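For the record, the sequence lines run as chains A and B. For the first sequence, my numbering assigns the number 1 to the initial residue and increments by one for each residue that follows. For the second sequence, my numbering assigns the number 1 to the initial residue and increments by one for each residue that follows.
Source of the hints: derived by calculation from the structure; they are not laboratory data. These figures come from a predicted structure and were not determined experimentally. Any given hint could be a false lead.
For chains that are exact copies, the list does not tell them apart, and a pair is met inside one copy or across any two.
[Said to hold, decoys possible] In silico DSS-like pairs for lysine-lysine, Cα to Cα no more than 30 Å straight-line:
1) K134 x K191
2) K93 x K64
3) K191 x K4
4) K103 x K146
Protein chains: 2
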Amino acid sequence: MYMKMYSAWIITIGNELLIGKIINTNASWLARRLTLLGYNVNRIVVIPDNLNDIAETFREAVNKNIDIVISTGGLGPTFDDKTSEGLALAFNKKLVINEDALKMVREKYVRKGWKLTESRIKMAKLPENAIPIKNHTGTAPGIFLKVNDTYIISLPGVPVEMKVMFDFEVINILKKRASKYYYSEAELTCKGLPESGIAPIVKDVMDRFRNVYIKSHPRCSELGQLIITIHVTSFGKSRSEADKNVSKAVAELKELLGKLGGKIS
Amino acid sequence: MYMKMYSAWIITIGNELLIGKIINTNASWLARRLTLLGYNVNRIVVIPDNLNDIAETFREAVNKNIDIVISTGGLGPTFDDKTSEGLALAFNKKLVINEDALKMVREKYVRKGWKLTESRIKMAKLPENAIPIKNHTGTAPGIFLKVNDTYIISLPGVPVEMKVMFDFEVINILKKRASKYYYSEAELTCKGLPESGIAPIVKDVMDRFRNVYIKSHPRCSELGQLIITIHVTSFGKSRSEADKNVSKAVAELKELLGKLGGKIS
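Just chain A, with the same shape it has in the complex:
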């Protein structure tokens, strides 16, 4: 993107993703949310439940001055939940029982009449200076940590917990670093032309409309049925600017593809 937008990374932690047991829907859900909020997501990384991998990946994001880093997974009560410890290792911070987090954890279990075991207290151990994020539907608090100019937000891997925390808590953190940009998009379907045939037109329109990004996605293979989806996106300084960028490029694409014999819908 030619504008200075806030950059975002998504780090998803868990062996289950790396053995292909789970499809990474958390990453695409977060990517969509962050994009619609005007952030430029430029990396999604999946790493194992391994302390060094976790520490190294967070450190890499901070070294690259990424504005917002959101991670999922590794906050629970089991030995392989290592996100908090990984954050502490990454930034040379002590891992301490956070009193606010402990209160959150205690309340959840006390209500059930359960004891605070070592595995449960583990969920309240956060890096120094971290702020716990309230978990509405589960037990492990999230973690908010500022390192240099990077906001790090760690959420649980269970999708329902992650989503509720994002929509009710993370939103408020992101407002402090609110994107100045608005995202807009549109999708066309072009029938009757192969992707290699429309490629020069897409390039031409992108060269002339420099504030949009256009990407073609063949629905079937190039030589089969010729159905291509064309996705046009833009970020603008206002919603109407972003919308206008997209609609101008769409109009141009429709005209040029129509002349070439494409059926646009």
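Chain A is fixed; fit chain B onto it per the hints.
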């Protein structure tokens, strides 16, 4: 993992993944296939259609001596398909028209009576010394490139093309670097215990059975319905060794969780 297994990275290229338009099913499909073939997938990275990001990520994998790197996306005819150029940039190689690749591309289009345009010839431009991989259902050949001890295999992003190429072509490349390990897994469902309650048992069994990895996945949140899936995996030097590792740990888990009041199925 305590054994020296072949390591694998999966690199998926495409802005559509980073705006959350597409769920990354290619990554989980490949992760599953590679795991079942005995490889240790330790990173999945999603990067944009950006030349420098592509070059940097492949270079990082080679610098880390990853054995097998499989990428998807960025091989097509449009301007934003930059995988081949990114590979050339990463390893300081010339991008040349590969005669074998050109033959593959030409045959596809000639059969349809279509011309070899610049956009189509682009798909035959590979880094020097790369070997094209036959695309059975689409047009863009894949790329096989050896750099130091790393095997790099680039496949298209269209899932059907990627999958057919993996099962019919990539398999033959992987045989040259065949894993010496076999993967085995089992899944238990435990009802009636919270994840924080079974955590000490999982840790204990993992400590005693060091050739297995055990991970618990709450189906619902900790304080709701208590249903936990427990996934036990192992790599062994023979299929029967891997199976035995898993079945021993499963038996032990069943006994200990049963004693604690869990209902196992």
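If you test the structure against every hint from before, which numbers come out violated? 3
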